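Student: This is what each chain is made of:
Number of protein chains: 2
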Amino acid sequence: MKILVLGGDGYLGWPTCMHLSAQGHEVMSVDNYLRRNLSREENSDPLFEVPNLHRRAELWKAKSGKEIQIRVGDLCDWDFLAETVKGFKPDALIHYAEQPSAPYSMKDRHTATLTFQNNMMATFNVIQAVHEFVPDCHIVKLGTMGEYGTPNIDIEEGWLDVEHNGRTQKFLFPRAAGSLYHTTKVLDTDLIWFYVRTWGLRCTDLMQGPVYGMETYENTGDESLYPFFNYDELWGTVINRFMVQAVAGYPLTVYGKGGQTRGYLNIKDTLQCLRLSLENPADKGELRIFNQFVETFSVNELADKVKASGERLGLKVEIKSLPNPRKEMEEHYYNPAHTGLLELGLKPHYLTDDAVDEMMKIIIRYKDRIQKDCIFRDVKWNK
Amino acid sequence: MKILVLGGDGYLGWPTCMHLSAQGHEVMSVDNYLRRNLSREENSDPLFEVPNLHRRAELWKAKSGKEIQIRVGDLCDWDFLAETVKGFKPDALIHYAEQPSAPYSMKDRHTATLTFQNNMMATFNVIQAVHEFVPDCHIVKLGTMGEYGTPNIDIEEGWLDVEHNGRTQKFLFPRAAGSLYHTTKVLDTDLIWFYVRTWGLRCTDLMQGPVYGMETYENTGDESLYPFFNYDELWGTVINRFMVQAVAGYPLTVYGKGGQTRGYLNIKDTLQCLRLSLENPADKGELRIFNQFVETFSVNELADKVKASGERLGLKVEIKSLPNPRKEMEEHYYNPAHTGLLELGLKPHYLTDDAVDEMMKIIIRYKDRIQKDCIFRDVKWNK
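Going down the list, the protein sequences come from chains D and X.
Under my numbering, the first sequence has 231 at position 231, and the numbering climbs by one with no breaks.
Under my numbering, the second sequence has 193 at position 193, and the numbering climbs by one with no breaks.
Please note: incorrect hints may appear among the correct ones.
Copies of the same chain look alike in the list, so a pair counts if it fits in one copy or across any two.
Taking lysine-lysine and the DSSO-like style, the derived pairs with C-alpha atoms no more than 30 angstroms apart in a straight line are [claimed, not checked]: (1) K383 to K2; (2) K320 to K257; (3) K316 to K170; (4) K380 to K170; (5) K257 to K380; (6) K107 to K89; (7) K284 to K107; (8) K89 to K170; (9) K284 to K380; (10) K372 to K2; (11) K367 to K307; (12) K89 to K380; (13) K367 to K63; (14) K380 to K86; (15) K284 to K305; (16) K347 to K66; (17) K86 to K383; (18) K327 to K86; (19) K320 to K284; (20) K307 to K380.
These are calculated hints, taken from the structure and not from any lab test.
These numbers come from a predicted model, not from an experiment.
Please put together the full structure from these sequences, using the hints given.
Tutor: See below:
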């Protein structure tokens, strides 16, 4: 299969490229280095050195004998995207290419505008390009579990059958996200759903929870092929960040009561989910939605797990509650369905003690690279 | 009250400016003439000559003795909007400023991109400007009944209480619109709802049905103050367009079976609804939603009403069914609530025979200005 990976430089993008390449697919990785550039602007260096895409492709070729094509450019630039899609003619397209940080999107008007413009126009252009040049192409869009927020009812897998005054209708499950970044993903879903209905596009929308980990099927033990791994409050997802904080002797910072519960998954499971979605494509005119996570934890539970691992490895780990800078419920009902990907064959990795210890050991090897003073960011949702 | 009317040159914008000015409010009308310029590009002239905003303000001053301030510029230009809001410091802001044509938004990629970029960035910037400079300002946003689409259940007024597996949650009423233009309004609502929750903005979202008419409380008999009145398939709303087609001897063009049912209102009722919303503002942190229409009709019923009026006035009127260029249900359930504005005091004008005849007589006076060959546009939702 010819697969175009948009956002192919990112935390998930590059591991996805390698995984699909290893499976024998013809992969083109596209990125404009926005995330690299923004994190550099914000003085946030990743824990592991990350070669540029061309260099990564060379390293991958040396290791696997397989080629990943690289194209650097901006999806908001129609000409660039059109040439890419027309030239490569993908059978499937993975759309990761968005500014992915919730705190960055809430930092100030400048960062909000950049997030909104970039994420909306990238998605809009991707839809137009697929319709114009490869209408049968399977669009696999990375959404987020954060689109749903924390409603007081069970979260179904994308859709909700509503009975009202004796009549029934199936709707997109109503969404109410907790940051501008997450809201751009809500708008993405609305927009894609409109064009799926109108143009008969073929689309899978993956409502993913926060991902953790650095080792995948393709890079185990080979740190030059590790993904972009951030650990500050802007760019680091919570489990990765807590593990680095524990290693650095920086207290694990729990916002408010710490009862915020979300669905998590190992980066290896992200790769499985993507592969399974591609191998079992959505139909023409179908918007297929999966909730992509394997288990739920509260922030307090995560902090306890990381603390326990740290102590097993001889570290002294403190947990500290901070006033919540976000606007979110700190105690809430949370019961999201997530059977679709299991039915396709997902074999979950769980956040076992061994799994945490293994990741912590890798981070300990890189302890000297951790910049402690870059972790705290003080981004408030409402100043 | 100091009221900023964004999109103050449009079909509803200018009448709103006059109406609020007549009520003694201090009004500033802001527009970048986008709609004028686009309709000129598309060879669509309005039925009545429309002086520019500065000239209209002079005519209004001569008639009423009251001043409407004019500012011409683009809300997608942050500096322009910021200066406007900082300088005027409105107590309320009416946001009409969007590309308003569904067929234009579906015409081609260029018109879709313009619609998407313009509508999304205008709304985004308006939210940011209010938050930054006038956080207590009441935002009155023009939405559309088209956001809801035609679900198989009763459409409530903005919100829906869902019971699911024994638990309950109130959600924004799920939306699924029928064009890109209408979808931009869905995204507007999502975006505003996020910032209302997060920043405590004060907002009224008016889900308006298609509007008809040209005479208002302020311009009766004074055609130099009539609104922008289009009658082609791109820019003309259905009742206005049918009336012009009847006068021009052009068959009334019903798409498909003609059972498409929507909620309609007279332009005078739009003005009442806006005034009532402003006089009874939403609370801080409230997104208040009204369904803004007074009666529902199918397209067949509208065609019959216009035909009957034409015949009363001595015209020969033909009704012709065309293959539906849109993607929509031609027969469907439609039962939307609309009590909120009635409770605030709305006194509806209905589409009576007299009302249709009166409008038709005005159009007959302008018969020579009708450009018959500009009516049909052949915009297909899915080419």
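Student: For every hint, state whether the structure bears it out.
Tutor: Each hint tested on the structure:
In this homomeric assembly, K383 and K2 come within 30 angstroms of each other (Cα to Cα) only across copies, at 26 angstroms, whereas the closest approach inside a single copy is 46 angstroms. With identical chains, the CA atoms of K320 and K257 are at most 30 angstroms apart within one copy only, with a shortest distance of 11 angstroms there and 65 angstroms across copies. Taking the closest pair of Cα atoms, K316 and K170 never come within 30 angstroms of each other, the shortest separation being 51 angstroms inside a single copy and 45 angstroms across copies. Within a single copy, K380 and K170 get their C-alpha atoms only as close as 37 angstroms, which misses the 30 angstroms cut-off; across copies the closest is 27 angstroms, which meets it.
Only within a single protomer do K257 and K380 lie at most 30 angstroms apart by alpha-carbon distance; the minimum there is 17 angstroms, versus 54 angstroms between protomers. Taking the shortest alpha-carbon separations for K107 and K89, only the inter-copy value of 25 angstroms comes in at or below 30 angstroms, while the best intra-copy value is 38 angstroms. Proximity of K284 and K107 under a CA criterion of 30 angstroms is satisfied inter-copy only: 22 angstroms between copies versus 39 angstroms inside one chain copy. Taking the closest pair of Cα atoms, K89 and K170 never come within 30 angstroms of each other, the shortest separation being 34 angstroms inside a single copy and 44 angstroms across copies.
Only between protomers do K284 and K380 lie at most 30 angstroms apart by alpha-carbon distance; the minimum there is 20 angstroms, versus 42 angstroms within a single protomer. When the C-alpha separation of K372 and K2 is checked against a cutoff of 30 angstroms, the pair qualifies neither within a copy, at 42 angstroms, nor between copies, at 50 angstroms. For the homomeric pair K367 and K307, the shortest alpha-carbon distance inside one copy (17 angstroms) is at most 30 angstroms, but the shortest distance between copies (81 angstroms) is not. In this homomeric assembly, K89 and K380 come within 30 angstroms of each other (Cα to Cα) only across copies, at 26 angstroms, whereas the closest approach inside a single copy is 43 angstroms.
Proximity of K367 to K63 under the C-alpha cut-off of 30 angstroms is restricted to the intra-copy arrangement: shortest distance 27 angstroms within a copy versus 77 angstroms between copies. For the identical chains of this complex, K380 and K86 are inter-copy neighbours only, at 24 angstroms across copies versus 43 angstroms inside a copy, given an alpha-carbon limit of 30 angstroms. With identical chains, the CA atoms of K284 and K305 are never at most 30 angstroms apart, being 43 angstroms at best within one copy and 41 angstroms at best between copies. For the homomeric pair K347 and K66, the shortest alpha-carbon distance inside one copy (26 angstroms) is at most 30 angstroms, but the shortest distance between copies (72 angstroms) is not.
With identical chains, the CA atoms of K86 and K383 are at most 30 angstroms apart between copies only, with a shortest distance of 19 angstroms across copies and 45 angstroms within one. In this homomeric assembly, K327 and K86 come within 30 angstroms of each other (Cα to Cα) only across copies, at 27 angstroms, whereas the closest approach inside a single copy is 43 angstroms. In the homo-oligomer, the alpha carbons of K320 and K284 never lie at most 30 angstroms apart, since the shortest distance is 50 angstroms inside one protomer and 33 angstroms across protomers. Within a single copy, K307 and K380 get their C-alpha atoms as close as 26 angstroms, which meets the 30 angstroms cut-off; across copies the closest is 60 angstroms, which misses it.
Hint violations for this structure: numbers 3, 8, 10, 15, 19, all remaining hints satisfied.
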